[in-house]
Amino acid sequence: MEIEVTSLSKNYGKIQALKNINLKISGNGLVTFLGANGAGKTTLFKILTSIVRPSSGYVRVNGTNIDSDPRKVLSNLGSLVEEPEFYPYLTGREVLEFTAKIRGVGKRDMEREVERVSGLIGVSEYLNRKCGQYSRGMKQRLGVAVALVGNPAILVLDEPTFGMDPLGMLEMRKILKEMKKDNDRLIIMSTHLLEEAREISDRIIIVKRGEIRYDSQTTERKLLVKVTGIVNTDHEYKNGRLIESGEGYCVFEIYDRNKLPEFNNELLSSGSRILYINPADDLEKEFTKE
Amino acid sequence: MESTLSSLSTVYSYYLKNYYRSKSFYLIFILIAVASVLMVYLSFHYLPKIDALLSSQGPAPAELKEKVVLYLWSYVMSDLPVFAAVFFSSPAISSEIENRTAFHIFALPVDRSILLIGKYLAAASAAMISMAIFVASEIGTAEFLFPGTMLFSILTSIGMLVLFILAISAFTFLVSSLFSKNLYSYITTFIIYFIVFDATNLILSLLYNYNAFFLLDNSASIIPRIFLNVSPTVFGGQFSLSGASISTIALSLAVMVLYTVVSLVAALVIFERKEVK
Numbered sequence: 022m023e024i025e026v027t028s029l030s031k032n033y034g035k036i037q038a039l040k041n042i043n044l045k046i047s048g049n050g051l052v053t054f055l056g057a058n059g060a061g062k063t064t065l066f067k068i069l070t071s072i073v074r075p076s077s078g079y080v081r082v083n084g085t086n087i088d089s090d091p092r093k094v095l096s097n098l099g100s101l102v103e104e105p106e107f108y109p110y111l112t113g114r115e116v117l118e119f120t121a122k123i124r125g126v127g128k129r130d131m132e133r134e135v136e137r138v139s140g141l142i143g144v145s146e147y148l149n150r151k152c153g154q155y156s157r158g159m160k161q162r163l164g165v166a167v168a169l170v171g172n173p174a175i176l177v178l179d180e181p182t183f184g185m186d187p188l189g190m191l192e193m194r195k196i197l198k199e200m201k202k203d204n205d206r207l208i209i210m211s212t213h214l215l216e217e218a219r220e221i222s223d224r225i226i227i228v229k230r231g232e233i234r235y236d237s238q239t240t241e242r243k244l245l246v247k248v249t250g251i252v253n254t255d256h257e258y259k260n261g262r263l264i265e266s267g268e269g270y271c272v273f274e275i276y277d278r279n280k281l282p283e284f285n286n287e288l289l290s291s292g293s294r295i296l297y298i299n300p301a302d303d304l305e306k307e308f309t310k311e
Numbered sequence: 181m182e183s184t185l186s187s188l189s190t191v192y193s194y195y196l197k198n199y200y201r202s203k204s205f206y207l208i209f210i211l212i213a214v215a216s217v218l219m220v221y222l223s224f225h226y227l228p229k230i231d232a233l234l235s236s237q238g239p240a241p242a243e244l245k246e247k248v249v250l251y252l253w254s255y256v257m258s259d260l261p262v263f264a265a266v267f268f269s270s271p272a273i274s275s276e277i278e279n280r281t282a283f284h285i286f287a288l289p290v291d292r293s294i295l296l297i298g299k300y301l302a303a304a305s306a307a308m309i310s311m312a313i314f315v316a317s318e319i320g321t322a323e324f325l326f327p328g329t330m331l332f333s334i335l336t337s338i339g340m341l342v343l344f345i346l347a348i349s350a351f352t353f354l355v356s357s358l359f360s361k362n363l364y365s366y367i368t369t370f371i372i373y374f375i376v377f378d379a380t381n382l383i384l385s386l387l388y389n390y391n392a393f394f395l396l397d398n399s400a401s402i403i404p405r406i407f408l409n410v411s412p413t414v415f416g417g418q419f420s421l422s423g424a425s426i427s428t429i430a431l432s433l434a435v436m437v438l439y440t441v442v443s444l445v446a447a448l449v450i451f452e453r454k455e456v457k
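Chains A and B supply the protein sequences, listed in that same order. All residue numbers for the first sequence refer to the working numbering, where the first residue is 22 and numbers rise by one. All residue numbers for the second sequence refer to the working numbering, where the first residue is 181 and numbers rise by one.
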């Protein structure tokens, strides 16, 4: 599986939702786009699923430009984009059957496929209810089930845990972790929850104001430690450098991951009075920085 | 080809299901049933008055009485599809955006043209099904009052009604494809059909003595004019107690087919470029 995003930009009137995105995602696993609301994640996903067209640039999925042959690309790509809505007078089962028929699932396998995806996502119990009666969380689950119909090799899930209660969120993360074990599947998801991204992703890409600000695959990851207490900031540390200080805490970048114990000793010998030291990655910093 | 037809059939059947289970369907069905009951009442009570109306020319022949009764039925019948089309077709495209169902269907591996045609056929079918009670009441009343005399004309009129439903639904789809809000789509369709078309008709008829045959509401007037060649919406001053001529029927038919094809093609072009922001 390979997704190639080249010089991709999208404008909505004067608003530039995506600015010259270049990206390559290949292989399997789970890639998470992390960003605040309005960062551009959903716009990127809409282009990936042919819901909107790029203003410039292109997306190729397994070598096929989605803009020139969306049907071919979508035949192997299941998606959940934004908060999904379904036809209110159709039942959940009918929505899944409709999707299955469009995806070419034969009559013989139809029932088995509907049972498989509904069982996996936990929507079986309300499958015979009309979608107009579904709660937000139920619609979200049905949306994920719809994305899985036909077992597509690529899954594009835009905030799959959105609108779910905490238990539902945990369950969904567990399902995603299970699904990413499948060697023939690439899952691309988005979230604005840092912990969710950390917990389940193989690769994290931070999107901010329509640009890619961080990619865990290509950006050099630094080892950061947050030291809480009174830190001697005048001391010259050999194994790390002070990069941020605040009330009662300091953040240091460690030059060499293997020299963390030496840095701890340095801290203690510098006269600092330490309450505790937390190793931290640079994700939070990248996520919050302007 | 087989896959295209199979996708079209799937899209059509699911959209039709969603239509006939909707509250709009039951509402329009009830309104048409009420109109049917009123027309049955009118037919039975108006019949004796037709003689009085035409008394200067002696007792009216049975065929003329039947024509008058059927003209009245068909006159009402030519307006009802407009409301049915507005109910079913006006929100057809705009609702996909407003109700966000487009996020589901646009991301499916199916051509948008199939989605549009499938939904169009489903909406037109829903309008036709809801009209069935009126058509059945018309045929029943005619058969009861004048057994087996003008069945061919009735069927011709119903055939033109089916074409009109296809044309008005296509036209309404075109209007719907322009908007992302259902309300704008409803209002625009009503304004175009009942105000813009009428105003154009009045201007051309009264100022230029020109029969605006190309307007969809004028071509729809053929549905009753199959019985009596009288059209209150065309101010040409020509009318006849005989039915419309073959050439007039053919012209109206051509106008309806043209509206259907042009509207659908234009709607398709817009729908293909439709984005959900």
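Quick caveat, the hints were computed from the structure, so don't treat them as lab data. Model, not experiment: these values are computed from the prediction. Treat each hint with caution, since some may be false.
Across the chosen pairs, the derived CB separations fall in these ranges [said to hold, decoys possible]:
id, chain 1, residue 1, chain 2, residue 2, range
1, A, Lys128, B, Ala430, 58 to 64 Å
2, B, Arg201, A, Tyr270, 56 to 62 Å
3, B, Ile319, A, Arg157, 44 to 50 Å
4, A, Arg230, B, Ile450, 28 to 34 Å
5, B, Val342, A, Asn41, 28 to 34 Å
6, B, Arg453, A, Lys306, 29 to 35 Å
For glycine and all other residues, C-beta sits at the position ideal for the given N, C-alpha and C.
So, going through the hints one by one against the coordinates:
1. A:Lys128 - B:Ala430: 58 to 64 Å: violated (44 Å)
2. B:Arg201 - A:Tyr270: 56 to 62 Å: holds (60 Å)
3. B:Ile319 - A:Arg157: 44 to 50 Å: Holds - the Cβ-Cβ distance for Ile319 of chain B and Arg157 of chain A, about 49 Å, lies within 44 to 50 Å.
4. A:Arg230 - B:Ile450: 28 to 34 Å: holds (31 Å)
5. B:Val342 - A:Asn41: 28 to 34 Å: Given range 28 to 34 Å: violated, Cβ gap about 53 Å.
6. B:Arg453 - A:Lys306: 29 to 35 Å: violated (42 Å)
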